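Trainee: If you count the sequence shown from 1, position 199 lands on 199 in UniProt numbering, and the numbers rise without skipping.
Simulated from the structure, these hints should not be mistaken for lab results. Treat the numbers as computed from the prediction; the structure is a model and nothing was measured. Ideal placement from N, C-alpha and C gives every residue a C-beta, glycine not left out. Be careful, since some hints might not be right.
[Said to hold, decoys possible] Derived DEER-like restraints, expressed as beta-carbon distance ranges:
| hint | residue 1 | residue 2 | range |
| --- | --- | --- | --- |
| 1 | Lys11 | Ala167 | 11 to 21 Å |
| 2 | Arg9 | Leu187 | 25 to 35 Å |
| 3 | Gly171 | Gly136 | 31 to 41 Å |
| 4 | Gly71 | Arg13 | 21 to 31 Å |
[Stated by the list, open to error] Mimicking BS3-like on lysine-lysine, the simulated pairs with C-alpha atoms at most 27 Å apart in a straight line are:
| hint | residue 1 | residue 2 |
| --- | --- | --- |
| 5 | Lys157 | Lys11 |
| 6 | Lys157 | Lys179 |
| 7 | Lys154 | Lys11 |
| 8 | Lys179 | Lys154 |
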Amino acid sequence: MADDSSALRQKIRAILERANHPNTPQAEAETALALAFRLMQKHNISESDFISDNASTHHSSITSQRFVLAGPYRVRRGALLHVISLAVNCASYRDMMDTEPNTVSMVAFGSPHDLYSLEVLFTTAEMLALRTMPQGDRRFRTSWWQGFTVGVDKKLKRENSSLIREAPGAGLVLVEQAKRADAEMRLATPHLRSSSTAYSSDRDAFSAGKSAGSQFSSSKNRLHSLPRALGRGKTSS
Numbered sequence: 001m002a003d004d005s006s007a008l009r010q011k012i013r014a015i016l017e018r019a020n021h022p023n024t025p026q027a028e029a030e031t032a033l034a035l036a037f038r039l040m041q042k043h044n045i046s047e048s049d050f051i052s053d054n055a056s057t058h059h060s061s062i063t064s065q066r067f068v069l070a071g072p073y074r075v076r077r078g079a080l081l082h083v084i085s086l087a088v089n090c091a092s093y094r095d096m097m098d099t100e101p102n103t104v105s106m107v108a109f110g111s112p113h114d115l116y117s118l119e120v121l122f123t124t125a126e127m128l129a130l131r132t133m134p135q136g137d138r139r140f141r142t143s144w145w146q147g148f149t150v151g152v153d154k155k156l157k158r159e160n161s162s163l164i165r166e167a168p169g170a171g172l173v174l175v176e177q178a179k180r181a182d183a184e185m186r187l188a189t190p191h192l193r194s195s196s197t198a199y200s201s202d203r204d205a206f207s208a209g210k211s212a213g214s215q216f217s218s219s220k221n222r223l224h225s226l227p228r229a230l231g232r233g234k235t236s237s
């Protein structure tokens, strides 16, 4: 099983390297990202057959990882990490106790496999967003990030729904893993509470970002056929 896991990671790494290549069109990069997500979720489900039903084993398999985000759009990038964490059965929150003014700290809980999925998918999605973001002022780009995050969220939910339809019982496995991650997060951070924030958005920028984020497709035969959803923008620095 270790050899299979290593081979899978190599395959996923190759797919994501393709997505991250600057010459890869946006639509192909988005498709590669969704394919990697699908492979990781399928592997997650198959591995559940080897997991003990013992509750203590389940509990000890949940760990945490901190992501420190610096640079422009770090709040928006934190929101992107959060929606991807939910898609890969993790739980996450922004650590408001971290008062460093130039960073945003996100803490995620999940199994080692799910945290690995979160890290590589977030890194790829973040690079894709920064590479394809259109030119515009800060308000426009902030709204674009919001739309991109919503698009990613909706698309990954559809990918999960499709996977669940294909694999009977998969939904129960994924829900159980997400519940364990959330329970461990709340046990470790009893002060945590839910909150919501309203943002001022540029409608056109939001729509463009949402369109970009929702283009993911796991169909292998579309890797060379999808048109580009957006022209390439300048990379933020």
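Trainee: If a hint holds in the structure, say so; if it doesn't, say that too.
Mentor: Do the hints match the structure? See the list:
Between Lys11 and Ala167, the C-beta spacing of about 19 Å keeps the proposed range 11 to 21 Å intact. Look at Arg9 against Leu187: about 29 Å separates their beta carbons, and that is inside 25 to 35 Å. A beta carbon spacing of about 40 Å between Gly171 and Gly136 agrees with the range 31 to 41 Å that was offered as a hint. For the pair Gly71 and Arg13, the supplied restraint of 21 to 31 Å holds, since their beta-carbon distance comes to about 24 Å.
Restraint check: the Cα-Cα separation between Lys157 and Lys11 comes to about 23 Å, which is no more than 27 Å; the hinted pair holds. As the CA atoms of Lys157 and Lys179 are separated by approximately 17 Å, the hinted pair is consistent with the 27 Å bound. Using a Cα cut-off of 27 Å, the hinted pair Lys154 and Lys11 holds, with the two alpha carbons roughly 25 Å apart. Distance hint between Lys179 and Lys154 is fulfilled; the C-alpha atoms sit about 20 Å from each other, no more than 27 Å.
Checked against the numbered hints above, the structure violates none of them.
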